[in-house]
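2 protein chains.
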Amino acid sequence: MSDKTLAELGESESLRRTIGRLVSSDAVLVGPGDDSAVVSLSENRFVVTTDSMIEDHDFRLDWSSGFDLGFKAVATNVADLAAMGAKPIALVVSLAVSKDTKISWLEAFADGLSQALVELAPTASVVGGDLASSDKAFIAVTAHGDLESKAPVLRSGAKPGDLVAVGGTLGKAAAGLALLRSGGSAKEAFDDLVSFQLRPRPPIELGPVAAESGATAMLDISDSLVKDASRIAEQSQVCISINSSDLIGFAAVLEQAALRLNAQAMDWVLFGGEDHGLLATFPNTNQVPKGFKVIGTVKPKNQDLVQLDGSAIEARGWDSITG
Amino acid sequence: MSDKTLAELGESESLRRTIGRLVSSDAVLVGPGDDSAVVSLSENRFVVTTDSMIEDHDFRLDWSSGFDLGFKAVATNVADLAAMGAKPIALVVSLAVSKDTKISWLEAFADGLSQALVELAPTASVVGGDLASSDKAFIAVTAHGDLESKAPVLRSGAKPGDLVAVGGTLGKAAAGLALLRSGGSAKEAFDDLVSFQLRPRPPIELGPVAAESGATAMLDISDSLVKDASRIAEQSQVCISINSSDLIGFAAVLEQAALRLNAQAMDWVLFGGEDHGLLATFPNTNQVPKGFKVIGTVKPKNQDLVQLDGSAIEARGWDSITG
Numbered sequence: 000m001s002d003k004t005l006a007e008l009g010e011s012e013s014l015r016r017t018i019g020r021l022v023s024s025d026a027v028l029v030g031p032g033d034d035s036a037v038v039s040l041s042e043n044r045f046v047v048t049t050d051s052m053i054e055d056h057d058f059r060l061d062w063s064s065g066f067d068l069g070f071k072a073v074a075t076n077v078a079d080l081a082a083m084g085a086k087p088i089a090l091v092v093s094l095a096v097s098k099d100t101k102i103s104w105l106e107a108f109a110d111g112l113s114q115a116l117v118e119l120a121p122t123a124s125v126v127g128g129d130l131a132s133s134d135k136a137f138i139a140v141t142a143h144g145d146l147e148s149k150a151p152v153l154r155s156g157a158k159p160g161d162l163v164a165v166g167g168t169l170g171k172a173a174a175g176l177a178l179l180r181s182g183g184s185a186k187e188a189f190d191d192l193v194s195f196q197l198r199p200r201p202p203i204e205l206g207p208v209a210a211e212s213g214a215t216a217m218l219d220i221s222d223s224l225v226k227d228a229s230r231i232a233e234q235s236q237v238c239i240s241i242n243s244s245d246l247i248g249f250a251a252v253l254e255q256a257a258l259r260l261n262a263q264a265m266d267w268v269l270f271g272g273e274d275h276g277l278l279a280t281f282p283n284t285n286q287v288p289k290g291f292k293v294i295g296t297v298k299p300k301n302q303d304l305v306q307l308d309g310s311a312i313e314a315r316g317w318d319s320i321t322g
Numbered sequence: 000m001s002d003k004t005l006a007e008l009g010e011s012e013s014l015r016r017t018i019g020r021l022v023s024s025d026a027v028l029v030g031p032g033d034d035s036a037v038v039s040l041s042e043n044r045f046v047v048t049t050d051s052m053i054e055d056h057d058f059r060l061d062w063s064s065g066f067d068l069g070f071k072a073v074a075t076n077v078a079d080l081a082a083m084g085a086k087p088i089a090l091v092v093s094l095a096v097s098k099d100t101k102i103s104w105l106e107a108f109a110d111g112l113s114q115a116l117v118e119l120a121p122t123a124s125v126v127g128g129d130l131a132s133s134d135k136a137f138i139a140v141t142a143h144g145d146l147e148s149k150a151p152v153l154r155s156g157a158k159p160g161d162l163v164a165v166g167g168t169l170g171k172a173a174a175g176l177a178l179l180r181s182g183g184s185a186k187e188a189f190d191d192l193v194s195f196q197l198r199p200r201p202p203i204e205l206g207p208v209a210a211e212s213g214a215t216a217m218l219d220i221s222d223s224l225v226k227d228a229s230r231i232a233e234q235s236q237v238c239i240s241i242n243s244s245d246l247i248g249f250a251a252v253l254e255q256a257a258l259r260l261n262a263q264a265m266d267w268v269l270f271g272g273e274d275h276g277l278l279a280t281f282p283n284t285n286q287v288p289k290g291f292k293v294i295g296t297v298k299p300k301n302q303d304l305v306q307l308d309g310s311a312i313e314a315r316g317w318d319s320i321t322g
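Protein chains in written order, with numbering that gives the first Met the number 0: chain Z, 0 to 322; chain P, 0 to 322.
It should be emphasised that the hints constitute simulated quantities derived from the structure, not laboratory data. Bear in mind that the values here come from a model prediction, so they are computed numbers and not experimental data. Mixed in with the good hints, there may be bad ones.
Copies of the same chain look alike in the list, so a pair counts if it works inside one copy or between any two.
In silico BS3-like links for lysine-lysine, alpha-carbon gap of 25 Å or less [stated by the list, open to error]: (1) Lys135 to Lys98; (2) Lys135 to Lys101; (3) Lys101 to Lys3; (4) Lys186 to Lys149; (5) Lys135 to Lys292.
Hey, can you work out the whole structure from these sequences and the hints?
Laid out in structure tokens, this is it:
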């Protein structure tokens with residue numbers, strides 16, 4: 000039956016088969032199948048974020064399986080919740096794929112959603128979805144979180160004197176992208192790095208931990224360490240100063256792959272996106288939680304948004320329009 | 000400046016200009032510009048629904064302006080909240096358009112979102128968005144509502160003996176689509192009907208009113224009266240019996256356009272979608288609120304899901320995959 004296509008089964012039945020593979024959580028008062036879902040919270044606020052991925056702009060169907068795309072769609076969105084200090088509780092997923100898409104691909108996509116929830120956000124579930132046909136595949140996810148009585152951690156709260164710290168990996172997803180682009184055998188030799196591009200694993204549980212610990216600002220690094228640091232700098236009216244010596248550990252694990260591709264590992268660390276690690280600022284060392292590594296300090300506002308070893312560094316990174 | 004394109008301005012600046020045109024409401028604790036938004040509710044549950052529209056499947060850029068599409072994206076989604084009995088409070092919008100799209104088009108899109116909120120859902124605002132480039136335009140909206148201590152009205156609660164009633168219009172959007180497809184001068188002669196296709200105006204305020212009045216089941220009519228009635232019938236394990244004599248008023252206002260196109264007005268009423276009116280069931284006449292028109296009764300489950308004047312009628316209507 001799973002060899003049938005979307006066009007053969009129609010929307011309702013295809014959606015039923017896909018959504019039917021997903022597990023619900025206790026927070027879901029009304030799940031998929033009605034006009035809307037109803038979700039419970041611990042309080043009378045909710046956190047919401049949305050992000051989309053488009054074929055040939057954000058992914059290629061010959062690189063990413065349905066499972067990979069389901070996994071990544073969850074990972075990138077729950078990272079935005081974590082970056083506010085929120086616990087993920089519910090997602091809705093809009094998917095448009097070609098009419099010829101096999102139901103088995105849709106099932107793999109649903110399994111990727113499920114696996115990412117199990118690994119990254121076990122308190123969350125998919126509560127609704129929308130399925131349509133489109134020549135190019137399109138995935139839009141909206142994710143919802145619960146702040147559990149905490150104040151949200153904004154981008155605008157960093158203060159001079161704060162420490163700058165990273166939770167999660169830097170540069171692995173960019174290395175994975177370079178390996179995929181290189182074609183050939185390099186991507187098999189470094190399949191662990193490729194997997195960070197296809198199925199990023201941001202440290203979601205560190206978001207609420209950082210909020211509890213008194214993080215003054217936080218975001219998830221989607222475009223690049225430097226570009227996202229510049230966003231905190233801009234919104235907090237400060238300068239983010241990074242020490243390259245604190246990044247050596249991130250670069251070291253990429254060196255072999257960089258050598259193979261004639262690339263610079265430190266470039267991936269500074270200017271590569273899509274690991275979706277957390278970049279946060281904390282008032283002092285005692286407040287930096289386990290799982291975060293200090294990489295710099297917050298300086299008073301000056302002409303530079305971001306500095307590396309005391310010199311200005313340009314905020315290069317991914318732009319979803321210009322690439 | 001608005002003659003610049005998306006590619007010339009990039010994502011952040013284009014998004015800023017678009018989102019900047021939208022007005023925030025009191026419920027928005029953290030609005031656009033951070034990783035996520037934070038929205039307040041009257042209680043610790045929220046209602047959520049998502050729906051997408053794809054160029055050349057759900058709309059044509061030569062028929063719909065940016066304003067029309069923004070308006071319709073809001074209308075179709077808040078109708079799904081109303082159908083649960085919820086008050087709309089917040090939306091997030093994912094938009095993908097060609098890189099060559101003028102910023103003025105994006106501004107018109109934002110103005111369409113705004114106008115629909117003003118007219119249909121003045122308690123709601125856009126709290127976040129995502130902008131990307133894509134060869135074919137894609138719009139995905141997720142809408143959030145507040146049940147304000149009411150039980151959600153599901154599709155599964157209709158009981159034999161209940162009255163079946165419609166809030167809003169039937170067949171106008173389908174007539175509008177037929178007029179657009181006919182080309183030529185007919186569409187100018189009936190531009191009021193065309194406007195129901197391009198900018199549907201569902202009676203959002205009637206959703207919470209129906210819930211307060213004790214509606215036992217409700218949904219918004221997106222695919223067709225008969226097809227959506229069959230959904231209530233299926234989920235409530237009943238038969239929905241409709242009287243054609245109660246539909247005459249809906250057909251009458253379409254007769255002139257039907258004559259012009261050699262079409263049947265009653266077909267638009269029964270099998271046309273996209274007006275997004277509310278179809279609800281109520282225990283008795285006293286409970287049917289002003290704004291709803293009784294069109295039939297709920298019968299015990301039998302071999303027919305939907306009957307017209309006592310005979311089975313096929314659940315024809317729109318399917319977002321097969322058309």
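Hint by hint, which ones does the structure fall short of? 4 and 5
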